[in-house]
Amino acid sequence: MNQSRGQAKALDKLVETYHKQTGVRVTVDSPGPTNFPAKLQAKSQSGDMPDVYSTLTLPEMIPYYKAGWAMNLQPKLTGDWKDNFSPIALDLTTLKAGTVNGLDAGIYSAHWEIQTMGLMLNTKTFESAGIDPKAPPATTAAWIEQLKKVSGKTGNGAFLMAASLADRFLLSHASNWLTDAEIDATLAGKASWKADGWRKGLQLLADLRDAGVIVNKALPGGDGDNPTVEKGFFNVQDTPAIFDASVAIGVARATAPDFTDYVSMGIPKAADGMRKPRVYGGVGKGACINPKGKNVDAAVKFVQWLTEPEQAKVFVDMVGLIPANPKVTAADLPSQVAGFASLVNAIEITPSPLNTDARTALVSGVQSLVLKEKTVDQVLDDLETAQKRTK
Amino acid sequence: MTTHPLEGVAASRPRVRRSPIARRRELMAWCFLLPAIALLAVFTLVPFVQAIVLSFQQWDGVSTSTPFVGLSNYRFVLHDTVFWSSLRNVLIFGVVGFVLGNAISLGMAVAVNRVRRGKAFFRTAFYLPGVFSVVVIGMMFSWLLAPNAGILNRLLGAVGASGLQHNWLEDPGTALPTVAAVFLWYHWGFGFILYLAGLQDVPVELYEAASLDGARGWAKFRYVTWPELLPVTAIVSLLTLLGALQVFGTVQVLTNGGPGNHTMVPTLRIYQEAFTNQRFGSAAAMSVIFGGALVLLAMLQLWLSRRRK
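If you're matching them up, the sequences are chains Z and V in order. As numbered in full-length UniProt numbering, the first sequence has no gaps in its residue numbers, which increase by one up to the final residue, 391. As numbered in full-length UniProt numbering, the second sequence has no gaps in its residue numbers, which increase by one up to the final residue, 309.
By construction, these hints were calculated from the structure, which means they are not laboratory data. These figures come from a predicted structure and were not determined experimentally. Ideal placement from N, C-alpha and C gives every residue a C-beta, glycine not left out. A hint or two may mislead.
Unchecked claim - The following label-pair restraints were derived from C-beta to C-beta distances:
1) Gln74/Z to Thr64/V: 22 to 32 Å
2) Leu297/V to Gly47/Z: 33 to 43 Å
3) His79/V to Asp210/Z: 27 to 37 Å
4) Glu373/Z to Ala149/V: 41 to 51 Å
5) Lys148/Z to Ser162/V: 16 to 26 Å
Isolated chain Z, as found in the complex (with noise of 0.2 Å):
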């Protein structure tokens, strides 16, 4: 069962490849991301799980992993099939022992892509305010200096990412100051979201909203805030910057495939940093395998043929995304692409998932941050508060 919509016509093709060169027929399941995590509940419920399926979230998977819906494959993940993985990616997507209680350590799921979280600029627009977006901005101050150039042209401000996103935007940022350790104690509840480092790293968004470079003054909220965020820059491209993951140039590729004036780059480092700023990114989609399925043996073969080289290369040629397999090289990838895939060596190792408490919080607060409703202590608090409630 296939989660993505961007990516169901490269699984559709794959499989039909799969057939003709083994004779094994999958059936793909594609519901759609909004129906997925409802479909995969009820298929667990009633104990008719499918024997491959798309991974969700790490605190989406956890009580699939804990009920024993997906399969350890550590052992499995040796010689060739290993190989078929970057370093990174095999990082990320490894469980280590007590990050999750009640749950062993290891690799319950494969992944043909990997994600990174940053800014995607529109370059004509850029363009026709006198900047070259292909020269990154030295710092946030730089940047934001941008952005007011833009916001000038445009009348209507320059940036805008979905409140969903946050996290991840909180999470990248405050990485000018903070460790991977730092961080990942305070995902874990163990360090204070009140520290300093969050502190500025959500300063960011205050300062965005004080230079008056957010399209509209508000970050969109809701289910489709993303793809409310994702129209504006590929389709009706009224908004010239925007937050967001590379799996966004799938949706370009399927929305608005005539659309690639653009480029993508992390967000610029802070000037009073301490520390060479990561971003927010992990493991993109992928499967895991049922253990309990009546065709296990085939299931782990299909999946481990989809994580090979050929089949990358199909994934990265239709949907655009960065493959998880190092034998895919940088000049396979999309132009797009590049300024995110330059970004994977610099992924936070944060094995602690975000508290869904916090993240709630925080998605919420910062819309109030941007609407000047609270302030960027008041937001932390809440984070703080939320955090703990449900420690």
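Add chain V to chain Z, keeping to what the hints say.
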């Protein structure tokens, strides 16, 4: 020792033996009722009881174990500020649905009832919004109200009223009233149809008699139409109020509770707690609290309308 007067009556009443035909008829009636009772039990009573039981358990939606945790889910809900603030928001929806929903539906019904031609057209046109799926309505209005590309703001710009252009759904000042207005638009057809049916049942003789007594427009409405519509008003009020308090789809599609939590409503909070946070126990506790409040409110409303009658 005293005996209750009715006990004596009951004792002295001769036992009536029902005929086999009457007994067969009653048995037949129960047979017809059985499928409905079974459906009611399986799809209403059992889930209702299960929800109450679940509110004392812990469940992530996937695990097979559901340990009992006593009152901890209720303690969790008591400290959930978002849930309690969502109750305040839904009360606004309730008041808007109750007052404006009734007034608009009644006004439209009275107007349509008076026109001589085109009744069928207005009946269809006014009921039309209620025919669409709530998701379609949400999508439609999110396009209409989009800050830059939305039709409403473009229209305002085109007529020279660009000062009125607004980010309707993302400004805390306008988000809740905007969602409430969409809700009203979606639901007014239901009350309108009931009021129209009620108006057509008012005997013409009453209006004639009122005319003879010298009553004109407002007096006729106040002393004839309104009292005759009281039973309809009671049911429309109750259903509109409950509909407004249970609003979910419109809010989820339009704002998902944002900006911040300015449009959060209890049903959406319950949904998020269950399906996003995967805490079905506390979601069940919230639904028990909210459901209980709705039952109490419905009982109060029915009691008040009976007293008024």
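Now for the hints, and whether the structure bears them out:
Between Gln74/Z and Thr64/V, the C-beta spacing of about 24 Å keeps the proposed range 22 to 32 Å intact. For Leu297/V and Gly47/Z, the Cβ-Cβ distance of about 40 Å falls inside the hinted range of 33 to 43 Å, so the restraint holds. With their beta carbons about 34 Å apart, His79/V and Asp210/Z fall inside the hinted range of 27 to 37 Å. For the pair Glu373/Z and Ala149/V, the supplied restraint of 41 to 51 Å is violated, since their beta-carbon distance comes to about 26 Å.
Taking the beta carbon of each, Lys148/Z and Ser162/V are about 23 Å apart, inside 16 to 26 Å as hinted.
Of the hints listed earlier, the one the structure fails to meet is number 4.
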